[in-house]
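Asks: Residues per chain, in single letters:
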Amino acid sequence: MIEPSTEEFSGENAPPLTTEQALTNLQSPDTSLRYYAAWWLGKFRVKSSEAVDALIAALEDEDDRTELGGYPLRRNAARALGKLGNAKAVPGLIQCLECSDFYVREAAAQSLEMLCDKSAVPALLQLLDGGVAAAVQVPGRPHLTQPYEAVIKALGAIGATEAISLIQPFLEHPVPRVQCAAARAMYQLTQDPMYGERLVKMLDNSTLQLRRVTIGDLGAIGYMASSDAIANATVENSFKLFALKGLLEHQLKQEFDVSPLCDNAIKVMNLMDSLL
Amino acid sequence: MTNTQQLIRAVTEADSPTKMVTAVQKLAAAKDTAAIPTLIAVFGYNNPPAAVAAVAGLTELGEVAVPQLLAQIDDYNYGARAYSIRALAAIADPRALDLLLAAATTDFAPSVRRAAAKGLGNICWHQLDISERHTAQKRALSGLLAISQDSDWSIRYAAVVGLQALAKVPDLHDPIRARFEEMLATDNEKAVRARVLLAQTEASNGVYLVGQSLP
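Quick mapping for you: the protein sequence lines, in order, are chains E and Y. The first sequence lines up with residues 1 to 276 when you count with the working numbering. The second sequence lines up with residues 1 to 215 when you count with the working numbering.
Derived by calculation from the structure, the hints in this document are not laboratory data. Just so it is clear, CB atoms sit at the ideal spot from N, CA and C, and this is done for glycine as well. The reader is advised that the hints may include incorrect statements.
What the hints assert, rightly or not - With a cut-off of at most 20 Å between alpha-carbon atoms, the simulated EDC-like pairs for lysine to aspartate or glutamate come out as follows:
{"id": "1", "chain 1": "E", "residue 1": "K267", "chain 2": "Y", "residue 2": "E189"}
{"id": "2", "chain 1": "E", "residue 1": "K43", "chain 2": "Y", "residue 2": "D152"}
{"id": "3", "chain 1": "E", "residue 1": "K47", "chain 2": "E", "residue 2": "E67"}
{"id": "4", "chain 1": "Y", "residue 1": "K168", "chain 2": "E", "residue 2": "E20"}
{"id": "5", "chain 1": "E", "residue 1": "K83", "chain 2": "E", "residue 2": "D63"}
{"id": "6", "chain 1": "E", "residue 1": "K83", "chain 2": "E", "residue 2": "E20"}
{"id": "7", "chain 1": "E", "residue 1": "K43", "chain 2": "Y", "residue 2": "D150"}
{"id": "8", "chain 1": "E", "residue 1": "K267", "chain 2": "Y", "residue 2": "E202"}
{"id": "9", "chain 1": "Y", "residue 1": "K190", "chain 2": "E", "residue 2": "E20"}
{"id": "10", "chain 1": "E", "residue 1": "K253", "chain 2": "Y", "residue 2": "E189"}
Stated by the list, open to error - To give an idea of the chain Y side of the interface with chain E (calculated C-beta under 7 Å), a few residues:
{"id": "11", "residue": "R114"}
{"id": "12", "residue": "K118"}
{"id": "13", "residue": "A158"}
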């Protein structure tokens, strides 16, 4: 997954919608208007309680279905709710982890990662049932049985230390992105540099997309020892800058405005300057 | 065939990304002005290590590469354009001012805008005569102040880097200091505020060298 914030084409491509229209469209008989409105509310971070409530309701939509039984509107509503940062959405998103549609489960896990709410841990752990042996490709579909990558990342971000023994085996999962997610979560849950180094090694992988994801992981976990490896990785500067920003934010204590910058923060900024 | 022509040929005939990088490095090392068009063309090959080597080679050649860099900006490939801007920013020739200003303020690609913002602060002003110099510096200042309010944090970050360098011009000190105070109070990104803080600290210490830590 490419973090949305690293899109090379930034900003100002706003469609002609207003918050009122988006909220109205979310109830439209035209399901494509609903689908678009849910995306729009997330994209433009409309955080009003009206928007949050309407999107929570859309998590139970039955009207918008794909030929394979998917729930497009639910997917978009779940994705949007992660961006709005309102904990009110957590129970609905937890429900979505049981949805028959893989992409709804994936979107819910990603949003629960962003909302970082402990109450989601038991439901997330359930999706790891069966361990690596159960984490196989669904025949004829481009995904595994569960959204393991998203689930493992969420558990790491939430700080679910009770998940360590369940996550660890996924370091050996055949899908590299799942391995990365496991290394990332293991680092967050144990702070053991061994896991950070596993990610650094991934930066040598021959797949550009995987290097981009890995660099994003290193930024997300703020693994300071990877700063030079990030700066030297063969990915676009935009990705490096975003990853180094993650490292920098990790170094900045809450009240940094009144205290001097630490050497690590200065080191990261010097690297960022060199990538402009 | 001269040595440079052979090296140019090796670049155009490289049949793998790795061979391309080696060929470009060798061509850049030749430091021959005849290599300029080929080095610029490398920006469009979608081979980042080769492009980085080409930027280094053109930067090394300096002023003599500026006219062709300006003339051969790729308007249709923002990846290539960012490398051209990086080379022009590093050479710091004032003839690039108009292009850097336009790129920093109106290009759609953040990578191009960031490179231009950094470059705007570092221009070799002394190459302009006094009358031109003052106007040129003011234009760079207003361009950087404008983009220091961009919605993209990485553009604001690059604007701070540009403004810090521009603050070496005594006349521009006050407006830059005022803008930094404002950003420190209002910017919603920690990373940007931290960069402002670093700029302020280094300016007050008279430290402009990259990599130096605080006392």
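Asks: Please go over all the hints and tell whether each is borne out by the structure.
Replies: Against the structure, the hints come out as follows:
1. E:K267 - Y:E189: Holds. K267 of chain E to E189 of chain Y sits at ~18 Å (cutoff 20 Å).
2. E:K43 - Y:D152: holds, 15 Å
3. E:K47 - E:E67: The given pair, whose Cα atoms are some 32 Å apart, is violated under the 20 Å limit.
4. Y:K168 - E:E20: violated, 49 Å
5. E:K83 - E:D63: Measuring from Cα to Cα gives roughly 24 Å; hence the hint is violated.
6. E:K83 - E:E20: Within the cut-off at roughly 19 Å; holds.
7. E:K43 - Y:D150: Roughly 18 Å separates the two Cα atoms, so the pair holds.
8. E:K267 - Y:E202: Roughly 14 Å separates the two Cα atoms, so the pair holds.
9. Y:K190 - E:E20: violated, 32 Å
10. E:K253 - Y:E189: holds, 13 Å
11. R114: Holds. Min distance 4 Å.
12. K118: holds, 4 Å
13. A158: holds, 5 Å
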